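For the protein sequence lines, the chains are D and E, in the order given. Going by our numbering, 114 is the number at position 114 of the first sequence; the sequence numbering is gapless. Going by our numbering, 292 is the number at position 292 of the second sequence; the sequence numbering is gapless.
Each hint should be verified, as a subset may be incorrect.
Copies of the same chain are indistinguishable here, so a pair counts whether it falls within one copy or spans any two.
Unchecked claim - Quick list of in silico lysine to aspartate or glutamate cross-link-like pairs, DMTMM-like style, CA-CA up to 25 Å: (1) Lys2 / Glu351; (2) Lys2 / Asp24; (3) Lys2 / Asp198; (4) Lys125 / Glu108; (5) Lys2 / Glu12; (6) Lys252 / Asp281; (7) Lys125 / Asp25.
By construction, these hints were calculated from the structure, which means they are not laboratory data. Treat the numbers as computed from the prediction; the structure is a model and nothing was measured.
One letter stands for each residue in the lines below.
There are 2 protein chains.
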Amino acid sequence: MKAIAVEPGAGEPTLIERPRPEPDDGEVLVRTLRVGVDGTDHEVIAGGHGEPPAGADRLVLGHEAVGVVEEPNGTDLAVGDVVVPTVRRPPNGTNAYFERGEPDMAPEGQYHERGIVGADGFMSKYFTSPADCLVSLPRELADLGFLIEPISISEKALEHAFASRSAFEWELESAMVLGNGSLGLLTLAMFEHVLAVDRSYCLGRRDRPDPTVDIIDDLGATYVDSRETPVDEVPDAYEGMDLIYEATGYAKHAFQTVEGLAPNGVGVLLGVPGSWEFEVDGGRIHEELVLHNKALLGTVNSHRGHFEAATETLAQLPEWFTDDLVTGVYDLASYERAFETGDEVIKTAVEFDTL
Amino acid sequence: MKAIAVEPGAGEPTLIERPRPEPDDGEVLVRTLRVGVDGTDHEVIAGGHGEPPAGADRLVLGHEAVGVVEEPNGTDLAVGDVVVPTVRRPPNGTNAYFERGEPDMAPEGQYHERGIVGADGFMSKYFTSPADCLVSLPRELADLGFLIEPISISEKALEHAFASRSAFEWELESAMVLGNGSLGLLTLAMFEHVLAVDRSYCLGRRDRPDPTVDIIDDLGATYVDSRETPVDEVPDAYEGMDLIYEATGYAKHAFQTVEGLAPNGVGVLLGVPGSWEFEVDGGRIHEELVLHNKALLGTVNSHRGHFEAATETLAQLPEWFTDDLVTGVYDLASYERAFETGDEVIKTAVEFDTL
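Only chain D is shown next, with the shape it has when bound in the complex:
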């Protein structure tokens, strides 16, 4: 069968031939429909992140998949069920995090991530997965099922943010996304259409006309140009934010977020910037966290419950939004186009098959 794989350091994915996998006990054979491409895939391709399975020279890409059950193999799933796989798998035998259904909380070394680190991804005509790592999706959402994984990331981040504010009465009236990539725009749409945030904002650094700024406008949110208004000046220029969701990977944003928050606000960090030394007014940040009861949380990955929540969320997002967000779905003959970047590209996927 065809698969899209990358050799560490090669800088671009290639089409390879792999044997069709056989499901083990408890595993299901899934026929792949679509697999999304995101920033992590680009990092893996560039060689800055991820690694192939032990002993392999190539990694099959893809962690944002949707497929259809081909062989239920004695599990509770049925032929034709539309399913989305979770991403983390136990590395060498199970561990406590996987056993309690919270692989997203496992520390480094205690998980593989399919398509990212230590395990092949889903960019192949078929893949196998334990049935309990597959979340069922209504058939009418199958075309957009590759958005479930990124939405699940925000489901987790927002769950942790709300939990951190649960010891007191907290209302989410103003919220800002840092970053106008596909994850940022998905989260902004969640603010508007699921959480019904009164006033939502999205920070970017693009000139109009721009397709992402058009989406921000159409969602009814306010576009904030970071070249004019840095995050720490947002309270003066607009208002302090009850919640800031960082999806830029720009490390200074993590610290500016503290100043950008309203009293009792929470900043959730999603980026993975790597080492970078710079000067901060650490005393001021420390004091501001304390005197205004602010919180800064990092979150990564997501568990099955977040995937389930994401299916509810996806059903609530308006059709025009997902139409505008998904700028390209490419079949295997033109899979390279799914990995192209540029200001006109927001979200892409590779299509392996149709329902």
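Mind docking chain E on chain D? Use the hints.
Structure of chain E alone, referenced to chain D:
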């Protein structure tokens, strides 16, 4: 009546004469027993923090009080009830934070703090307070009632820390207090005797023999000398901490805390350091927060519920601990001694009267 007050910038408290206050409707007249002294009092005395009531040239000190009801004034309290007052009061009429019982979440400008900012404190023979700002205390705890306010600060901080970790299964097995002042030692005692933390640590910068290090040892905790082991090196030298409680006001600790935490850990910040610029590896801190689901929370002040929790906590602390912690209780004739500092001083109080 006698009161202990400070003139902004004078650098030391003085004994002054004030008329005995008359309780308004809903207020109670309280005869003061003891009032504790803490770091905030020293900051107020030094002129770095706080301000007298509008139009006044002096501020009566003291926010850690215990007293006995002298005139219930038609409230539900009774003559002879032992009570501890909360600290924040509405500044000019009430506001939403006070109305919902969460004055600790009010932003700057929306509260006065008795003995600190905008309102006289409790260091006088009598004080008045709304009955709903008084928390009853068992008579046998009256002598130590001035510890309720500082304990309540940690009750709040720990409540927020636990809330922030409530979206997943989290066990508090290792915890470290940064700072061996009285608040730090009280919190360390809570780790050992209330939360039953498996392994607790306290960071300081004192040579043995030292009375605070003796208390750390006697609590069964591990003393960590920050001159040998900075906070960010704690995981290598000891273990990553599930919880770090910062009570030093040293801004670099806020950032080092992220590295000092175990995966999924939470740092709670209590210090108010003021502006101080320094270099950090911001990319590394950002990434570490994200990849290991860490949280950093600031918290300040406490509400009535935290005072009530603190009365339960105080009852659970061993007698030897409070005996060693309270290094001096001084009557009005020698009140100056309660404000002296030094390596032999841990916690002091002024005694205005006895039960």
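Structure-inconsistent hints, enumerated in ascending order: As far as the earlier hints go, 3 and 4 are violated by this structure, in ascending order.
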